[in-house]
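Asks: From first to last, the protein sequence lines are chains A and B. Numbering follows my numbering, with no gaps: position 260 of the first sequence is 260. Position in the second sequence (from 1) plus 1000 gives the number in my numbering.
It cannot be assumed that every hint is accurate.
[What the hints assert, rightly or not] Quick partial rundown of chain B residues pointing at chain A, CB under 10 Å, derived from the structure:
hint: 1; residue: 1134
hint: 2; residue: 1139
hint: 3; residue: 1193
hint: 4; residue: 1319
hint: 5; residue: 1321
hint: 6; residue: 1322
[Claimed, not checked] Computed list of chain B residues with no C-beta within reach of chain A, every gap over 10 Å:
hint: 7; residue: 1010
hint: 8; residue: 1046
hint: 9; residue: 1172
hint: 10; residue: 1197
hint: 11; residue: 1235
hint: 12; residue: 1245
hint: 13; residue: 1266
hint: 14; residue: 1368
hint: 15; residue: 1397
hint: 16; residue: 1440
hint: 17; residue: 1443
[Said to hold, decoys possible] Rough simulated footprint, nothing fancy, chain B against chain A, three-plus residues with beta-carbon under 8 Å:
hint: 18; region: 321-333
hint: 19; region: 344-355
Derived from the structure by calculation, the hints contain no laboratory data. The structure displayed is predicted, hence computed values, not measured ones. Just so you know, even glycine gets a beta-carbon here, dropped at the ideal spot from N, CA and C.
Protein chains: 2
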Amino acid sequence: MLELSLDPDQGMPLVDQIVDGVRRRIDDRLLRPGAQVPPIRRLAESHGVSRFTVVEAYDRLVALGYLQSRRGAGFFVAPRVAPAAEASEAPVDRAVDVVWLLRQGFDRPEGNKLKVGSGWLPPEWMDEEGLRRNLRSLARREDVHLTSYGTPQGHLPLRQQLQRTLAELGIGVEPAQIVLTLGATQALDLVARHFLKPGDCVFVDDPGYWTLFGKLRMQGACLIGVPRNIDGPDVEAMRSLLAQHQPKAFFTHSALQNPTAANLSPAVAHQVLKLADQHNFVIVEDDAYCDFQNRPTTRLAALDQLERVIYIGSFSKTLSADFRVGFLACHRELAGVLTDAKLLASLPTSEFAERLVHSMLVEGHYRKYLERLRGRLAERTTATLRMLERTGLELYAEPTGGMFAWARMPGLADAARLASRAAAAGIVLAPGNVFRPQMQPSPWLRFNVAFAADRRLERFLGEAG
Amino acid sequence: MLELSLDPDQGMPLVDQIVDGVRRRIDDRLLRPGAQVPPIRRLAESHGVSRFTVVEAYDRLVALGYLQSRRGAGFFVAPRVAPAAEASEAPVDRAVDVVWLLRQGFDRPEGNKLKVGSGWLPPEWMDEEGLRRNLRSLARREDVHLTSYGTPQGHLPLRQQLQRTLAELGIGVEPAQIVLTLGATQALDLVARHFLKPGDCVFVDDPGYWTLFGKLRMQGACLIGVPRNIDGPDVEAMRSLLAQHQPKAFFTHSALQNPTAANLSPAVAHQVLKLADQHNFVIVEDDAYCDFQNRPTTRLAALDQLERVIYIGSFSKTLSADFRVGFLACHRELAGVLTDAKLLASLPTSEFAERLVHSMLVEGHYRKYLERLRGRLAERTTATLRMLERTGLELYAEPTGGMFAWARMPGLADAARLASRAAAAGIVLAPGNVFRPQMQPSPWLRFNVAFAADRRLERFLGEAG
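Just chain A, same shape as in the assembly (with noise of 0.2 Å):
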């Protein structure tokens, strides 16, 4: 059974919806080659639209060599050709519909529209006025330099400040250990060319971080949804994958898991480590959040102590996504390896954001400004709860931090349809299907708590409950 994620008002035609959820399942292999697909009428009952979309649907993607049309007999997925030829033919294309999510994202706010399916804070809960403070007092300092590269790894007071941290999270590493990127993303990037080749499978949260779907994919990588549970990653849907699928990585987030906010459990995450040990897989873990935890819970990476787990961080949700400091922390090796890879794709970072960050870091406020950001977080999170109750919808856990209520309204199936519904009413909702890795339906909505406790919003989930 093929169940497209199609929305009319989505901004991006029907047709072209139609292409790329099948294309999608046909590159992660969910659909094998050989495999029949709906008859044109089916599939246009199914998803209640026009045959001739479907029509026009399935000759693209026979054009483009994902379907053979074979007589008589309907539609079928055709042989694959060789993954690296297949990967480079249009890796971002593959990818488009993410970057085009991506790009709302970045778009200045026009009108007032409501950005409940926003994944940042608003800028004015940021401390922008120690921000300035530290620039200021930087750009006075003669011994910062502001015209030359900075060092290959990155400034090394902040990976001994990041020793630290990391310690406290019972992550035991040596700043040699440390690699400072441009924001979590390089990170992941690196990650992604050193250990995935065109064609190779990787496991990702499902539901789980686009944005990485979308990075993975244009490195050619088959996506396999692991189903997420309220304590982790779920062990016997992933030992069943494992049966079928080889992943050379696992790339999940451990504490408030951007969508669901759950957080990892400590015997799930032996048995996940357990389990990458015996499929002999890396285990990426992506830790955006953390600075949004009162208390650490279980990291991967504390357990295993960096000898499979790759550990990301970032310093772009409570300080500032614009200077694009972020890191990763590995085995020794390792990092020398993908610091190498650094230099060739971007050489250094800038030294001058980093040192801005540990300035940031060291000079005795940032301690009050997150408890003060967790304090407000905590009282939104309330307001946004408590609306989502009046309204009847269903929450999939208590928020234990953070910035994301998961919830969705009891009877609707998939709420890429109350999504376009509320962003004509000027409200930016995040629907499930885009945490999904082949954007498959999902009843859930991620809230961001700092713009859900909203008037507005209640008034349209009231009437459209």
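Given the coordinates of chain A, work out where chain B should sit on it, guided by the hints.
Replies: This is chain B only, laid out in the frame that chain A set:
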């Protein structure tokens, strides 16, 4: 005849140097499957190394699958495996000695090493004071957001400013055709990732820009060097290379080419563009040294108007390498696609850095500063040329600007040996082999005029000659 550039004092074991030299030639298909490599004894003698060294290198090449040993007959290049598998094996490893060189460049100054081989200006020549002033002023401005992401294509006023400066070079471009990047390096990276798949062939300048070579190898490309004449690429050589290879792209410098400091002539530009049309490859024109020219010379992009040419520039050489601001300009549709690729690779670049560069360009001091820089460089160039004349070195061509002079010592076939003797004397030279795609031996050396008019160097060259 296999001619490797071996240097016992280079810091990399001789075995590694042989393995690397042979691998490069096989990867780039200069040694074809089935071809015989020189017998152990012959290679040892012709390169002045021990037979044990060659035995160990050949053994390792057999283990790596690059060579086959046929009993009694010698060693032969092994049949190629599929490009995909090949490229993914260890992309960085294959580029490793370029990275090794690259890392040397970022070493913080220790003792009083004389960096004659450096690719940058001395920090004290740069406008640190101007940067500090603009940093402070940006830090004061309330309308400059410091915490949220920049825009996908980059800060519009800087793109508008680039539109004006490119118009002065005769390149007509709209801001929508310009994408700001993390230095020219990310621009080259995005283009390489978009156009090249593992195993694809690319043309590069020989001699040319070696960081680029490492990057292209990381992408799995085969590098074919197009010999560089004083007026640009050797068109006749290019034509015969095109009879054997189908390149996807040609990466080249037109103005103040690195390392020869020579400029492209209009007649050669026209021929190169005609060949690109006939053989359907894109041209990537890296113009990193643009602002060092007093009067602009021919750009491929000015003839072609960004139909087939992708033009790349940077502010790293004249304003700051640390703030990492560069750009690419190309036709509009491609600009959109490369912006998508940029978002997936690294999210938007830093708007603060883009604003800083923009304010440096428009505050009214930049032209004056460039004039000062050019005057200083002209002075040092004269002094360097006199020194080279006194020590009996032969100049490739009189530099018309910029920071490089390309010269050789008569009677010396391989400048790498000279460079290692210099290193022992605390002088860092840039020997010609590092600027060649397969690190072939070269008699040439690149001198940075800002450091070259120096007694220590003169004494060393006088004694070496």
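Asks: Would you mind marking each hint as holding or not holding in the structure?
Replies: Consistency of the hints with the structure:
The criterion of a C-beta within 10 Å of any C-beta in chain A is met by residue 1134(B), whose closest approach is roughly 9 Å, and the hint holds. Interface hint status for residue 1139(B): upheld, as the beta-carbon distance to the closest one in chain A is roughly 4 Å, under 10 Å. With 10 Å as the threshold, the beta carbon of residue 1193(B) comes within range of chain A, its nearest partner Cβ sitting at about 8 Å, so the hint holds. The beta carbon of residue 1319(B) is positioned within 10 Å of a beta carbon in chain A (closest approach about 7 Å), and the interface hint is therefore held.
Because the beta carbon of residue 1321(B) sits about 5 Å from the nearest beta carbon in chain A, less than 10 Å, this interface hint is met. Given hint, residue 1322(B) at the interface with chain A, holds; its Cβ is 5 Å from that chain's nearest Cβ, closer than 10 Å. Taking the minimum C-beta to C-beta distance to chain A, about 17 Å, the non-interface status of residue 1010(B) holds against the 10 Å cut. No Cβ of chain A comes within 10 Å of the Cβ of residue 1046(B); the nearest lies about 31 Å off, and the non-interface call holds.
Chain A leaves residue 1172(B) outside its interface by the beta-carbon criterion, the shortest separation being 26 Å against a cut-off of 10 Å. A cut-off of 10 Å between C-beta atoms contradicts the statement that residue 1197(B) is not in contact with chain A; the least separation is 3 Å. Annotated as non-interface, residue 1235(B) keeps its C-beta farther than 10 Å from every C-beta of chain A; the closest such distance is 29 Å. Interface exclusion of residue 1245(B) from chain A stands, the closest Cβ pair being 18 Å apart, more than 10 Å.
The claim that residue 1266(B) lies off the interface holds: its Cβ sits roughly 32 Å from the closest Cβ of chain A, which is beyond the 10 Å cut-off. Every CB of chain A is more than 10 Å from the CB of residue 1368(B) (nearest about 17 Å), matching its label as outside the interface. Every beta carbon of chain A lies more than 10 Å from that of residue 1397(B), the smallest distance being close to 28 Å; the non-interface claim holds. With a closest Cβ-Cβ approach of about 21 Å to chain A, residue 1440(B) is found to remain outside the 10 Å limit, as its non-interface label requires.
With a minimum CB-CB distance of about 28 Å to chain A, residue 1443(B) clears the 10 Å threshold, and the non-interface call stands. Counting residues of the region 321-333 of chain A whose CB lies closer than 8 Å to any CB of chain B gives 4, which reaches the minimum of 3, so the coverage claim holds. Here the region 344-355 of chain A counts 10 residues with a CB under 8 Å from a CB of chain B, which clears the bar of 3, and the coverage holds.
In this structure, only the earlier hint numbered 10 is contradicted, and the remaining ones agree with it.
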